[in-house]
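J.: Take the sequences, apply the hints, and build the full model.
Okay, here's what each chain looks like letter by letter:
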Amino acid sequence: MSVASRVPFPDVVLPVSGLVAAVACWWGLTAVLALPPYVLPSPVAVGTRLAENPGLYLSNAVETLRKITIGGATGIATGFVLALVISEVSLLRRAIYPYLVAARVLPKIAIAPILLIYLGVGFGTAVLFVALIVFFPVVVGTAAGLNRAPDSHLDLLRSVDADPIRTFLSVRLPHALPDVFAGVKQSVTLAVVGAVVAEWILSNDGLGSLILVASENVQVDVMLASLAVLLPMGLLLYGGVSLCYRAVAWR
Amino acid sequence: MTMISVENLSVTYGDLVALDDVSLDIDDGEFVTVVGPSGCGKTTLLRAIGGLESPTTGRVSVDGDTPEAAQSAARLGFVFQDHTLLPWKTALENITFLRKMAGKDPDPEGARDLLATTGLDGFEDARPSELSGGMKQRVAIARAIHLGADVLLMDEPFGELDEITRDEMGVEILRLWRENRKTVVFVTHSVPEAVFLADRCLVVSGTTPTAGATTDDGVGRIVGEFDIDLPRPRDESVFGSEAFGTQVARVRQALHGDE
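Order-wise, the sequence lines are chains Y and H.
When you read off a place in the first sequence, starting at 1, and then add 4, the result is the number in my numbering.
When you read off a place in the second sequence, starting at 1, and then add 924, the result is the number in my numbering.
Keep in mind that the hints were calculated from the coordinates and are not lab data.
Please note that a few of the clues may not be correct.
[Said to hold, decoys possible] With a cut-off of at most 25 Å between alpha-carbon atoms, the simulated DMTMM-like pairs for lysine to aspartate or glutamate come out as follows: (1) H/Lys1024 / Y/Asp159; (2) H/Lys1106 / H/Glu1166; (3) H/Lys1028 / Y/Asp159; (4) H/Lys1024 / Y/Asp167; (5) H/Lys1024 / Y/Asp165; (6) H/Lys1013 / Y/Asp155; (7) H/Lys1013 / Y/Asp183; (8) H/Lys1028 / Y/Asp155; (9) H/Lys1028 / H/Glu1048; (10) H/Lys1024 / Y/Asp155.
[To be verified] On the chain H side, residues computed to face chain Y include the following (Cβ under 10 Å): (11) Leu948; (12) Arg971; (13) Gly974; (14) Ala997; (15) Gly1001; (16) Leu1010; (17) Leu1022; (18) Gly1043; (19) Leu1044; (20) Phe1047; (21) Val1147.
None of the values given here were measured: they were computed from a predicted structure.
Each residue gets a CB set at the ideal place from its N, CA and C atoms; glycine is no exception.
T.: In structure tokens form, the structure reads like this:
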């Protein structure tokens, strides 16, 4: 029996208490120090902001979510297909895989201003940027995963002349799934970052844009309200991917 | 009747000679063991018979056909040292899996019966991680038999098992062979195992192939061939017999040459 399971609280009680305590401290701080709202608004002020104009936050959240999902899906799909191609064509693999790995070091955010020059401000540019950021961890993870099936397993299938598509679906893909999902999980986090950055530089809507405009007007409460929407959105996406993985993976 | 025919087979990788001009015939239903040290080319021989390795020169035929044709007809049942079970499938699913991949009609009843006769009754739904090393190899052997293969090609299948389990598995494979009448080519580096199982034991030369080795080094050649006339059926009691000891000594001598 582990220490954790002997603690007399269910799993949700402690984390929730932690959150409540943190918000209480924040509130206490603003009340005791009588901080002006442009320095640090109280949680109540942030809550009020949200409640006063839920439509504003909701419509911007939808815009951000569209960039994350469309850009994310495009990047994941492209990364998966490219990984598939380079795992089949060893010449191509040797020519470009090192650069795909190396490209992880490159801060992709620095590419945004370049996209701006070529494609201008707009939804499409933002989606492309998100896709680009998401693409790299997926292609590297998937390519590594598709190499994971032991040679002996492939020999076994070769010894009965199994067709390549069945071999792929029944042996190589399942062996690759943990790596594919490791890449996708990284991608989800990056997609949220990418969407917000895109909304600063490449488009004029969404929560990222709202945060930027609020910053220019020193509306800290609006910025925090936007973050309060962004955080659960990111968590839900990440949780969704984790659930998908659990549904298909083996241990 | 000849089931497997190897004629002047050589396999080289660049300078590396894995097999040098090997010829042999194996009869239908015969149990042939191939013994030799690591790196002597015995695994290459097995893989060439099974069509997983292409001859550099010479030819291999299985029942008069190419190994590739035998693969397509699902006549070759490989058992590797690594059990090659899919970790996400149950024991039963692992057995039926290969047959499905070979495009043959499913036979779930047969798979169940086979699992029972290999002593895995009650483990149908167990994952490989829940099975012992010996049990995993039983599943791998059952998978090859369930495939309906005529030829079992076994590459040190008991190499990773402890010695006690190994002896038990030897008795087990002989029983399965008796009941299913397959042709078996069994590669091992254990001389007692090779003698215990075999109708005929082939000794592959002991020099490890190195870059630049010439054929004079005796690399990748069959240097001894012994008919093992110990009475069948054999069980663990054979290990203690004088005849067994004599055969093992003869094979050992061939293996070590003049030393």
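J.: It remains to establish, for every hint, whether it holds in the given structure.
T.: Here is what the structure says about each hint:
1. H/Lys1024 / Y/Asp159: Holds: H/Lys1024 and Y/Asp159 sit about 16 Å apart, inside 25 Å.
2. H/Lys1106 / H/Glu1166: 29 Å, violated
3. H/Lys1028 / Y/Asp159: Given that 25 Å is the threshold and the Cα spacing comes to 18 Å, the pair holds.
4. H/Lys1024 / Y/Asp167: Cα-Cα ~11 Å, so holds.
5. H/Lys1024 / Y/Asp165: 11 Å, holds
6. H/Lys1013 / Y/Asp155: 18 Å, holds
7. H/Lys1013 / Y/Asp183: It holds: about 19 Å lies between the C-alpha atoms, which stays within 25 Å.
8. H/Lys1028 / Y/Asp155: Distance ~23 Å between H/Lys1028 and Y/Asp155 Cα, so the pair holds.
9. H/Lys1028 / H/Glu1048: 21 Å, holds
10. H/Lys1024 / Y/Asp155: Holds: H/Lys1024 and Y/Asp155 sit about 20 Å apart, inside 25 Å.
11. Leu948: 20 Å, violated
12. Arg971: At 8 Å from the nearest chain Y Cβ, H/Arg971 passes the 10 Å test, so the hint holds.
13. Gly974: For H/Gly974, the interface hint holds, since the closest Cβ of chain Y sits about 6 Å away, which is under 10 Å.
14. Ala997: 8 Å, holds
15. Gly1001: Constraint on H/Gly1001 satisfied, holds at 8 Å.
16. Leu1010: This interface hint holds because 7 Å falls under the 10 Å limit.
17. Leu1022: Holds: closest Cβ of chain Y sits about 6 Å from H/Leu1022, inside 10 Å.
18. Gly1043: 22 Å, violated
19. Leu1044: At 19 Å from the nearest chain Y Cβ, H/Leu1044 fails the 10 Å test, so the hint is violated.
20. Phe1047: At 18 Å from the nearest chain Y Cβ, H/Phe1047 fails the 10 Å test, so the hint is violated.
21. Val1147: Interface hint status for H/Val1147: violated (27 Å vs cutoff 10 Å).
In this structure, the hints that do not hold are numbers 2, 11, 18, 19, 20 and 21, in rising order.
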